[in-house]
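Visitor: The lines below spell out each chain.
Protein chains: 4
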Amino acid sequence: MDAVRIGLIGAGRIGKIHGETIARRVEAARLAAVADIYRPAAEELAARLNAPRAAADYRHLLDDKEIDAIVIASASDTHAQIIEEAASAGKDIFCEKPIDYDLARIDRALAAVRQAGVKLQVGFNRRFDANFRKVREMVAAGKIGRPHILRITSRDPAPPPIEYVKVSGGLFLDMTIHDFDMARFLVGSEVRELYATGAVMIDPAIGEAGDIDTAIITLTFDNGVIGAIDNSRRAVYGYDQRVELFGSEGMVAVSNNLPDTHTYANGDGVHASLPLYFFLERYLDSYIAELSAFVEAITADREPPVTGEDGRVPVLLGLAAQLSLREKRPVALAELSA
Amino acid sequence: MDAVRIGLIGAGRIGKIHGETIARRVEAARLAAVADIYRPAAEELAARLNAPRAAADYRHLLDDKEIDAIVIASASDTHAQIIEEAASAGKDIFCEKPIDYDLARIDRALAAVRQAGVKLQVGFNRRFDANFRKVREMVAAGKIGRPHILRITSRDPAPPPIEYVKVSGGLFLDMTIHDFDMARFLVGSEVRELYATGAVMIDPAIGEAGDIDTAIITLTFDNGVIGAIDNSRRAVYGYDQRVELFGSEGMVAVSNNLPDTHTYANGDGVHASLPLYFFLERYLDSYIAELSAFVEAITADREPPVTGEDGRVPVLLGLAAQLSLREKRPVALAELSA
Amino acid sequence: MDAVRIGLIGAGRIGKIHGETIARRVEAARLAAVADIYRPAAEELAARLNAPRAAADYRHLLDDKEIDAIVIASASDTHAQIIEEAASAGKDIFCEKPIDYDLARIDRALAAVRQAGVKLQVGFNRRFDANFRKVREMVAAGKIGRPHILRITSRDPAPPPIEYVKVSGGLFLDMTIHDFDMARFLVGSEVRELYATGAVMIDPAIGEAGDIDTAIITLTFDNGVIGAIDNSRRAVYGYDQRVELFGSEGMVAVSNNLPDTHTYANGDGVHASLPLYFFLERYLDSYIAELSAFVEAITADREPPVTGEDGRVPVLLGLAAQLSLREKRPVALAELSA
Amino acid sequence: MDAVRIGLIGAGRIGKIHGETIARRVEAARLAAVADIYRPAAEELAARLNAPRAAADYRHLLDDKEIDAIVIASASDTHAQIIEEAASAGKDIFCEKPIDYDLARIDRALAAVRQAGVKLQVGFNRRFDANFRKVREMVAAGKIGRPHILRITSRDPAPPPIEYVKVSGGLFLDMTIHDFDMARFLVGSEVRELYATGAVMIDPAIGEAGDIDTAIITLTFDNGVIGAIDNSRRAVYGYDQRVELFGSEGMVAVSNNLPDTHTYANGDGVHASLPLYFFLERYLDSYIAELSAFVEAITADREPPVTGEDGRVPVLLGLAAQLSLREKRPVALAELSA
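Residue numbers (numbering that gives the first Met the number 0), protein chains in the order written: chain A, 0 to 337; chain B, 0 to 337; chain C, 0 to 337; chain D, 0 to 337.
Any given hint might turn out to be false.
Unchecked claim - Label pairs and their in silico Cβ distance ranges:
id : chain 1 : residue 1 : chain 2 : residue 2 : range
1  : A       : A140      : B       : A299      : 38 to 48 Å
2  : C       : A204      : D       : L283      : 25 to 35 Å
3  : D       : A139      : C       : T298      : 58 to 68 Å
4  : D       : R325      : C       : D101      : 32 to 42 Å
5  : D       : P159      : B       : E162      : 55 to 65 Å
6  : D       : D300      : C       : A204      : 48 to 58 Å
7  : C       : R24       : A       : G89       : 29 to 39 Å
8  : A       : Y276      : C       : R24       : 17 to 27 Å
9  : D       : A140      : C       : I161      : 25 to 35 Å
10 : A       : R47       : C       : R38       : 25 to 35 Å
Stated by the list, open to error - Straight line, CA to CA, 20 Å or less: simulated EDC-like cross-link-like pairs of lysine to aspartate or glutamate:
id : chain 1 : residue 1 : chain 2 : residue 2
11 : B       : K133      : D       : E248
12 : D       : K133      : C       : D267
13 : B       : K327      : A       : E334
As the list claims (entries may be wrong) - Sample of chain A residues with no beta-carbon within 10 Å of chain D, all distances over it, derived:
id : residue
14 : E83
15 : A271
16 : D300
17 : Q321
Derived by calculation from the structure, the hints in this document are not laboratory data.
By construction, the Cβ of each residue, glycine as well, lies at the ideal position given by its N, Cα and C atoms.
Start from the sequences, fold in the hints, and give me the full structure.
Guide: Have a look at this one:
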């Protein structure tokens, strides 16, 4: 088959990563065009990556017969709309998370995708991280027997700017959403009920913006597994991304990736490197792997590995966590999906 | 000062450990007598450790003017009664956990101790474990700044016999009680509210006995810290005792003690030893350290490092966890202590 | 400055890696042409990487005015000859190790480079590995004080084919040569004397080919440091590449890179992943980094980070090790360079 | 059988440890008497450990019919003489290393032991360390296949006082002797040849005393294994005792024991504890285990696990290393034993 011709929408930080991946790392893909509402950004990225076209309006890409698929890396509140339009245009779609924060809006977008019969993959890149994939593989292979307890530690090195916090959807939808996805992915079952506790410990401004910066969410899954996620917006030692799954026959855990393996011993102790600083460093390979998988799904004409439903459920979990925190009680997911 | 003359009540498994510690490891102590309702056990232990006296009735020890202090290692349901009598007899008291499972009963025992003006130390030995002590020291020294998140993993290698489960007081009072104590000790603040979730995953017989074998308990402390304890009655890889405390300036964690440091690499992977099998192996040094501390508290005439209140609160937390699990809601500690 | 236009000579395994790096990973470079004595290989690689020209005869590249620099990845016995010709043609040169196994031949090539005033970098890629670079940085920063003891463990996952062994120059020149380079790089001083011991332990056919497969080489440096390198042609657990430098104020060590950070605990023990399999996996990033550094040296017009002398000395050390092994005695480097 | 009645000769640092072990840790032994040329030391230790007798002259212990076995912990230069006399007196003997530094003197002592038919165990306590024992067990069980390469790192936290250095026998006989024993123990074969290199790097006063403080010794064993030991008299990070054995089917390595398992992460890195400070801390359990084994050998009437020959060979290796260093050449052990 010929290379998949991809139009990239959004030339910001994550758009640049996806663009570079498409142009240089995925043999079976070609970067056909870049769109960004700030046109110079689109042009600059297109030029650097030898993409033949650039546009301010993403609709030019949707109308382009020479484009097979769309990668959506624009602002979050444009995702659902672009998904619908791209589906109508018959393009396969890769969309950064979240699809939207409104369930009805998500459902409309997913309906459009279904109706058009195009493929949709949502950008939960961590599923493609070598560590988490290894955990999933071992669990799926029965290495830990029947899973009992899940533990996820997910801490950022620094909180985002307060202006971002205000429009982020809140900790649960902006940050924990990745952990909710990871929880479903690793356990292989749906969350039935959760209980969220949280507080403002890092920056009062976050509280004034109506959000929290520290949380623990307890999960109960349909298959009986219980789990706890802990989140912090600021770990002074850097990006802390660990997972542990314990079961009847064993336990598997993964810890942080380090920039090097050195240990240094002096009179004060034994010292090692801090984790890779943040998601761009830690998850770089997973950004490449998720787009490779997307392109493979197109060329092999099979279901993408992270579906629209996979994009929807973590939002549902985030909303449930918000409700639990607000009402100080466990929340059954059935309450929200009813 | 002369050596502290100690009478040991209970010559079972833990009694033997305490007896050996007193007789051989604590310079400032002497094992003056051993009592056990099964007299041959008392006599055998006394003979082996060169203790001059043995008795079936512990009251002989309380009446003995040559005995300064009592170590209570008898059945749990005798603890409160013996504490009261020993206090009346003017003996300093070291009592294995729990004092009792009934708060009113505990309060009567503590009142007796206060009234008699004797010392009481409760056997939360894990506080004397080198790992956990290190965490506490670092937290107290401000190394992690203001604490934010506590994580405790506490898993046994195998469930106790079902007959024991039936009289154990249940997972929260039998097993989690140690983790509740550890949580208070490490965080240095009281639990204000908790939420418990749990299930029977290991053995249906445990469920038939009215208990659970797997649990996660979320804690909120007076000082704002949030934490999660996870428990399992059976980790196939052995006794899993880990703690992590995360704060504004850093994180400190401790993991399991191993019998050796070997790593073995072959074509299948890199392999290391399992943790020390169970509490007798893992916490042996802490049993010695707690009795040393008790004897020191007597000789220096100061407050023992684990007080009667320290014995009472974990029971309160266990009862709160039972209530939370039963009613599927967060429980404020104030509800129970009111 | 414009991009550096590079001609690649050799389209085999390492040539492909360098070609891909130049074409896709080094912004400031362009892959201008590929030569290979087997012309279809040159054409295929050029086509895949969008290089405008392909040739069977490397001299076409040397004659090409549109080419600024040459990367030599052809058979080892062609290196010195091509260096001389490329120098005469005024091209900057990156040459895979070794320059040659004959010191006189090396010296002629280096003289040609000096006379032409072109740049020459030798492909000791491990210097660009994040781990080893970290060790060098810490040593250079004085973190370990004055270095005392160097330890290098360098073991391959499997011996090369016996046909390769026969023409490899032997263990010391084929394999240890990298460790000799690392030793000089890390210690920052020249080897004054060495003592080599070795044996055939893995495959008698290696011995029949006149080589050994297992060795320990003890080094004494001009600055007083003593060190030991141990080599094996077959570690069943994979590529084992570790280094330790011990000094008056501390010690720094690096170990193997793993494909993931998982640990798995079951009833048999705690298990982790094997190291990345071999040099292509372990040192991939360093191949990219060394070519980036070469291109930077050209664009900034400065000395390349691995010089012709750096290419010469490890060969000298390899020859000294052969002599030491043969004569069963320590050999001073002065004996050979005299 | 009745408890073995042991007379302890030498009430210094190591004598105190052995005394305490006999009196309190080995059920089947009894401390019958303590002798020390400084009589108050003998009396004080005897009093503290409830040993019935104390003496200045060790011959009183040899004459005592109530004593079954002798533990020699006196000054090194008295060992051989006391062994001979104790053998004549029919006592079983545990002797601290070294028997002597003079081979002829050792041989006379061993002959006396043989003639008397008594048991002799030499105090190479590290064989009883859990780590090294594990390595030996795995090697003996064939886990690494045929051994190829041995690596021993053995570094002290601080050099001894210069007065001690002068009478110590030198680095090889005082410090490396333990590593020589470990090498034989782990590999299970005799050293055929060695090559020693070393220098004064830590303290010129050590050089003025005719000794070195840093060394690497390369070993070739009868079974073909090659190995390297590296020694330093001062590791600023503490007592560094590591071993690695590599073979055709795998590798096993052990590292240092730590006082706790904590890791602390802050903005500077991840930090862990230093190793246990020195041999008393690191090898405490092994001192207990070696005396238990000695007593067991007596009660079960079997060969002690560390024989007179095991005491002799490391001295031979130390002398060979001295010769190698002096003459700057590899030395075959056959040269010395001829």
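Visitor: All hints, please: hold or fail.
Guide: Evaluation of the provided hints:
1. Distance hint check: the CB atoms of A140 (chain A) and A299 (chain B) are about 58 Å apart, inconsistent with the given range 38 to 48 Å.
2. A beta carbon spacing of about 50 Å between A204 (chain C) and L283 (chain D) contradicts the range 25 to 35 Å that was offered as a hint.
3. Between A139 (chain D) and T298 (chain C), the C-beta spacing of about 59 Å keeps the proposed range 58 to 68 Å intact.
4. Judged by the Cβ atoms, the range 32 to 42 Å given for R325 (chain D) and D101 (chain C) holds: they are separated by roughly 37 Å.
5. Checked against the hint of 55 to 65 Å, the pair P159 (chain D) and E162 (chain B) passes, with Cβ atoms roughly 59 Å apart.
6. Between D300 (chain D) and A204 (chain C) the C-beta distance comes to about 51 Å, which sits within the given range of 48 to 58 Å.
7. Separation of R24 (chain C) from G89 (chain A) is about 35 Å and conforms to the stated range, judged on CB atoms against 29 to 39 Å.
8. Distance hint check: the CB atoms of Y276 (chain A) and R24 (chain C) are about 21 Å apart, consistent with the given range 17 to 27 Å.
9. A beta carbon spacing of about 32 Å between A140 (chain D) and I161 (chain C) agrees with the range 25 to 35 Å that was offered as a hint.
10. In this structure the supplied range 25 to 35 Å holds for R47 (chain A) paired with R38 (chain C), their Cβ-Cβ distance being about 33 Å.
11. Note on K133 (chain B) and E248 (chain D): the hinted pairing is violated, with a Cα-Cα distance of about 39 Å set against a maximum of 20 Å.
12. The suggested pairing of K133 (chain D) with D267 (chain C) holds, with an alpha-carbon distance near 15 Å, which does not exceed 20 Å.
13. For the proposed pair K327 (chain B) and E334 (chain A), the alpha carbon gap of about 16 Å is at most 20 Å, so the pair holds.
14. The claim that E83 (chain A) lies off the interface holds: its Cβ sits roughly 45 Å from the closest Cβ of chain D, which is beyond the 10 Å cut-off.
15. Distance check for A271 (chain A) against chain D: the nearest CB is about 5 Å away, which does not clear 10 Å, and the non-interface claim fails.
16. With a least CB separation of 45 Å from chain D, D300 (chain A) remains clear of the 10 Å interface cut-off, as annotated.
17. At the 10 Å boundary, the C-beta of Q321 (chain A) stays outside the reach of chain D, the nearest C-beta of that chain being 30 Å off.
The structure fails to meet hints 1, 2, 11 and 15 from the earlier list, while all remaining hints are met.
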